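Asker: Single-letter residue listing:
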Amino acid sequence: MTVMGLVVIAGVLAAVISCAAFLVWFERRLLAFFQERYGPNRVGPFGVFQVVADIIKLFFKEDWVPPFSDRAVFVIAPVFVVASVLMSFAVISFAPGICAADLDVGLLFFLAMSSLGVYSIVLGGWASNNKYSLLGALRGAAQMITYEVFMGISLMGVVIMADSFNLKKIVEAQEHLWFCVPQFLGFAIFFIAGVAEARRIPFDLPEAESELVAGYHSEFSSMKFGMFFLGEYLGVTLISSLIVVFFFGGWLGPAFLPPIAWFLIKTFFFIIVFILMRGSLPRPRYDQLMGYGWKVLLPLALLNLFVTGAVVLVWQN
Amino acid sequence: MLTIEEVKNKLSNRFKSAIIHFDHPLRSRLFVDIDKARVREISNEIVRMGGRYLVSIGYDNIARDKTLGLIHTFSLDRDDLFVCLRSAVPAEDPVLDSITPDIPNAGWSEREYMDLLGMKFTGHPKPKRLILSDDWPEGIYPLRKEVPWNLMPPPAENVAYQLDECPEGCTVVPVGPFHPTLHEPAHFAVFVDGETIKGCDYRGFMVHRGIEKLCQTQVTYNEIPFIAERICGICGSVHATSYSQSVELASGLKISRRAEFIRTIMLEIERVHSHLLWLGVAGHLIGFDTVFMQAWRVRESIMWFSEKLTGNRKTYGMIVVGGVRRDITPELKDELAGVLKTIEKELMTIKNAIIGDTAIHRRTKGVGCITNEEARLWSLVGPVARARGIDIDVRRDHPYAAYDEVQFDVPVLDSCDVWATVVVRILETFESIKIIRQALDKMPDGPIMTEFAEDIQPLRHAISAVEAPRGEVVHYLITGEENRPERWRVRAPTYPNLQGVPLMLLNDQFADLPIIIGSIDPCFSCTDRVVKVDVGSGKAIRLTGRELEQISRAKLNAGR
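In order, the protein sequence lines correspond to chains A and B. By our numbering, the letter at position 94 of the first sequence is numbered 96, and the numbering carries on one by one without gaps. By our numbering, the letter at position 472 of the second sequence is numbered 1726, and the numbering carries on one by one without gaps.
Note that these hints are calculated values from the structure, not bench results. Being a predicted model, the structure only gives us computed values, none of them experimental. Yeah, the Cβ is synthetic: ideal placement off N, Cα and C, and Gly gets one too. A few of these clues could be false.
Stated by the list, open to error - Over 10 Å on every C-beta distance to chain A, these chain B residues come out as not near it, computed from the model:
{"#": "1", "residue": "1267"}
{"#": "2", "residue": "1280"}
{"#": "3", "residue": "1281"}
{"#": "4", "residue": "1290"}
{"#": "5", "residue": "1340"}
{"#": "6", "residue": "1422"}
{"#": "7", "residue": "1559"}
{"#": "8", "residue": "1561"}
{"#": "9", "residue": "1596"}
{"#": "10", "residue": "1611"}
{"#": "11", "residue": "1654"}
{"#": "12", "residue": "1664"}
Stated by the list, open to error - Okay, the calculated beta carbon distance ranges per label pair:
{"#": "13", "chain 1": "B", "residue 1": "1426", "chain 2": "A", "residue 2": "17", "range": "44 to 50 Å"}
{"#": "14", "chain 1": "B", "residue 1": "1383", "chain 2": "A", "residue 2": "48", "range": "54 to 60 Å"}
{"#": "15", "chain 1": "B", "residue 1": "1432", "chain 2": "A", "residue 2": "255", "range": "22 to 28 Å"}
{"#": "16", "chain 1": "B", "residue 1": "1596", "chain 2": "A", "residue 2": "186", "range": "38 to 44 Å"}
Said to hold, decoys possible - When the alpha-carbon atoms are kept at most 30 Å apart in a straight line, the in silico DSSO-like pairs for lysine-lysine are as follows:
{"#": "17", "chain 1": "B", "residue 1": "1688", "chain 2": "B", "residue 2": "1587"}
{"#": "18", "chain 1": "A", "residue 1": "133", "chain 2": "B", "residue 2": "1382"}
{"#": "19", "chain 1": "B", "residue 1": "1696", "chain 2": "B", "residue 2": "1508"}
{"#": "20", "chain 1": "A", "residue 1": "297", "chain 2": "B", "residue 2": "1452"}
{"#": "21", "chain 1": "B", "residue 1": "1508", "chain 2": "B", "residue 2": "1562"}
{"#": "22", "chain 1": "B", "residue 1": "1452", "chain 2": "B", "residue 2": "1380"}
{"#": "23", "chain 1": "B", "residue 1": "1619", "chain 2": "A", "residue 2": "133"}
{"#": "24", "chain 1": "B", "residue 1": "1599", "chain 2": "B", "residue 2": "1587"}
{"#": "25", "chain 1": "A", "residue 1": "133", "chain 2": "B", "residue 2": "1380"}
{"#": "26", "chain 1": "B", "residue 1": "1452", "chain 2": "A", "residue 2": "133"}
{"#": "27", "chain 1": "B", "residue 1": "1382", "chain 2": "B", "residue 2": "1452"}
{"#": "28", "chain 1": "B", "residue 1": "1619", "chain 2": "B", "residue 2": "1452"}
{"#": "29", "chain 1": "B", "residue 1": "1270", "chain 2": "B", "residue 2": "1290"}
{"#": "30", "chain 1": "B", "residue 1": "1399", "chain 2": "B", "residue 2": "1452"}
{"#": "31", "chain 1": "B", "residue 1": "1568", "chain 2": "B", "residue 2": "1605"}
{"#": "32", "chain 1": "B", "residue 1": "1599", "chain 2": "B", "residue 2": "1688"}
{"#": "33", "chain 1": "B", "residue 1": "1290", "chain 2": "B", "residue 2": "1262"}
{"#": "34", "chain 1": "B", "residue 1": "1619", "chain 2": "A", "residue 2": "297"}
Model the full structure from these sequences, guided by the hints.
Answerer: Spelled out as structure tokens, the structure:
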């Protein structure tokens, strides 16, 4: 591996984690703005160092492992969530040449990693040995498996059009037309599935604080909780950057800004949409969510795949 | 329409010798002394006449004639009439027929007097402990006069409430005593099959502090309004008004018209901010924090105004026996009109946003359903009842204060679900604004206080109901000697509504539990505190901050 490669990996890691940390503050301020209040504005200019204070606090909290828990699994579960999301970032092309691992099966790698993320929820909920956690974990498992099915299918239209699983090639294939136009349905479905995958409101059922206290991570404290927390914001960043890569032309944009800037602007746009959704939607009920997934989104995703396939087939002949 | 005479005739024709005596100090109050053997029959007859069960009042009369008294109260809403059936049982064998099999809502009242007076009810379907803590010793009945108000039996180890049996194939998920859904301590043991609720048992009364016993033994008539106000942190004026009215009724005191108007305004201010508070909480319970933030922001302006008017955001200390303590000056009047205008405008925006939000519909429509008949059977009150098509409102049915002079609508919906309670509450808030405006316009000049002589004849009975934001509050008063009540019974609206909750939860999803419990706007502390001495009582009353600190330190050191 070249030195350049190592620099890119270190850079991506640092950028992604600091972005997630920034998001914690950014979300609170933005939500406060939507709700006509101030949000954190005391620590540092505009309260930006609130995150630092929070992280220090998290580090110094008692790292408690409940005596009734399955200790080994309890300790390992939070690691999964962060690790699986960080691994996914490896295949993303941020700009020409800035990519930790330019895999030809990049898209499949991302799907595989996001499937691994389910384990953290199921294991965390199970190991806590707590009824709220278990209910949260079961909901989480059902929700994420459901939404993964058509998350994968919704991306197949992109793969057919780009003729590749490689994320870099997918971006390059959007040179003339971003895929959000021909693949609008795919984009909508991927976006919804992405919110579910990141377990954000309105799809935060595994957490559902008003009925399940904190769901699968009720028993976690200190940095173990911090890991789940970080994982959530990393997930938001990941899904936003993937939407940009798959449907909004990645780094492509007019030449007056460097490619990486275009990538960041687009990603931030979607992050804001995520936060706006949290501010404007209530949490649906578990059975409604599952019904919506299997009865509406799955058929639509399949339809999108078949139509795209047929159109491309006719076009090429 | 039944008149008081017709009710009397009906009862005496049907039950003859079982009716011992009628007493009707007012056109709208009928007290009937009845034979204890026929309590159940006569209660059923009152229900057939259109009576709605309110609450039962038990009291110790041992010193006078060696009996315990029990009063079942009913409201005939269409006839503006309260009927109270008074019966007495010998103290050495206090056994009565339970009315719970016919009137399920009496279940708690009867259990209460099993705990507090040692009464026994034959045929009660669930004779479990309700109010006293689990380690309270058997055989000490704190509401009996022989028990001192500050008695604190030593705590016992290894005692626990026995939950109802869990249906087969179900798991118990505990909700409470501390849980994000519950803003006060209460314990629901929810029996779930997967995520479907198949039943629930309730153990509450954890903050029962014996306010009634305290007020019956330690303070005087005009100190009680301030204690009554502390029963509820949200609808304090309601309790103070209801109590003051009961004393005024018992003593025949007529207060000035202006004071009645100011009371009306205070009650409606409370309704406005209580409903806004509830709307926010409901939003939070379905995971919609923006509603929460916006509703509470709008609410803030009326809180500021209240502070200006009374000196406090809450627990106003405005209402006492004989009138009110502060006047609404012309400047405050103008300011209130301005505040109402802003709230009305912003609430309209919120209302449109909520009514048009299909995501909220999906979470609240068809959730927490009970039918009109069930709601009637369980004597539900307030917006919870009005959302089930039961057209009751004490303000209209039994007018008090200045409600006879203002016009307002009583919103009633019959979709029988949580959604209907949301709509009813929003519409009521607009009605409240309307009432305050009319009251401000029509308020006559005059004194705000009428001198209260404070020597009322003992053993007069009075009942007073006030429509709180959550439903009606009932205060029953028996006047006593030494310038304090012989018996004062408070029934908060959550008391009947909470008994209907297991029915609303049945066969719903676990995820709907927060909003279903939330839909009755529960006020557990009001419900709990109404009755009497608990292990915590002496402590709760006398502890200063310093003492609390010392105890905490002692415990901390002992732990080490």
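Asker: A separate judgement is required for each hint: does it hold in the structure or not?
Answerer: Structure-based check of each hint:
1. 1267: Answer for residue 1267/B: holds, closest chain A Cβ roughly 54 Å.
2. 1280: 46 Å, holds
3. 1281: Non-interface label on residue 1281/B holds, nearest chain A Cβ at 48 Å vs cutoff 10 Å.
4. 1290: 46 Å, holds
5. 1340: 45 Å, holds
6. 1422: Label holds. Min Cβ-Cβ 18 Å, cutoff 10 Å.
7. 1559: 19 Å, holds
8. 1561: The claim holds: residue 1561/B sits with its nearest Cβ about 20 Å from chain A, beyond 10 Å.
9. 1596: 14 Å, holds
10. 1611: Contrary to the label, residue 1611/B does not stay out of reach of chain A, its closest Cβ about 8 Å off (not over 10 Å).
11. 1654: Correct as stated: the minimum Cβ-Cβ distance to chain A is 37 Å, above 10 Å.
12. 1664: Label holds. Min Cβ-Cβ 29 Å, cutoff 10 Å.
13. 1426/B with 17/A: 44 to 50 Å: 48 Å, holds
14. 1383/B with 48/A: 54 to 60 Å: At 55 Å between Cβs, range holds.
15. 1432/B with 255/A: 22 to 28 Å: Since residue 1432/B and residue 255/A have Cβ atoms about 52 Å apart, the given range 22 to 28 Å is violated.
16. 1596/B with 186/A: 38 to 44 Å: 42 Å, holds
17. 1688/B with 1587/B: Answer holds: residue 1688/B to residue 1587/B is near 14 Å, not above 30 Å.
18. 133/A with 1382/B: 27 Å, holds
19. 1696/B with 1508/B: Distance of about 19 Å is within 30 Å: holds.
20. 297/A with 1452/B: Given that 30 Å is the threshold and the Cα spacing comes to 27 Å, the pair holds.
21. 1508/B with 1562/B: 28 Å, holds
22. 1452/B with 1380/B: 18 Å, holds
23. 1619/B with 133/A: OK: residue 1619/B and residue 133/A at ~28 Å, within 30 Å.
24. 1599/B with 1587/B: 19 Å, holds
25. 133/A with 1380/B: 28 Å, holds
26. 1452/B with 133/A: 16 Å, holds
27. 1382/B with 1452/B: Distance ~21 Å between residue 1382/B and residue 1452/B Cα, so the pair holds.
28. 1619/B with 1452/B: Roughly 20 Å separates the two Cα atoms, so the pair holds.
29. 1270/B with 1290/B: 14 Å, holds
30. 1399/B with 1452/B: 42 Å, violated
31. 1568/B with 1605/B: 25 Å, holds
32. 1599/B with 1688/B: 13 Å, holds
33. 1290/B with 1262/B: 18 Å, holds
34. 1619/B with 297/A: 21 Å, holds
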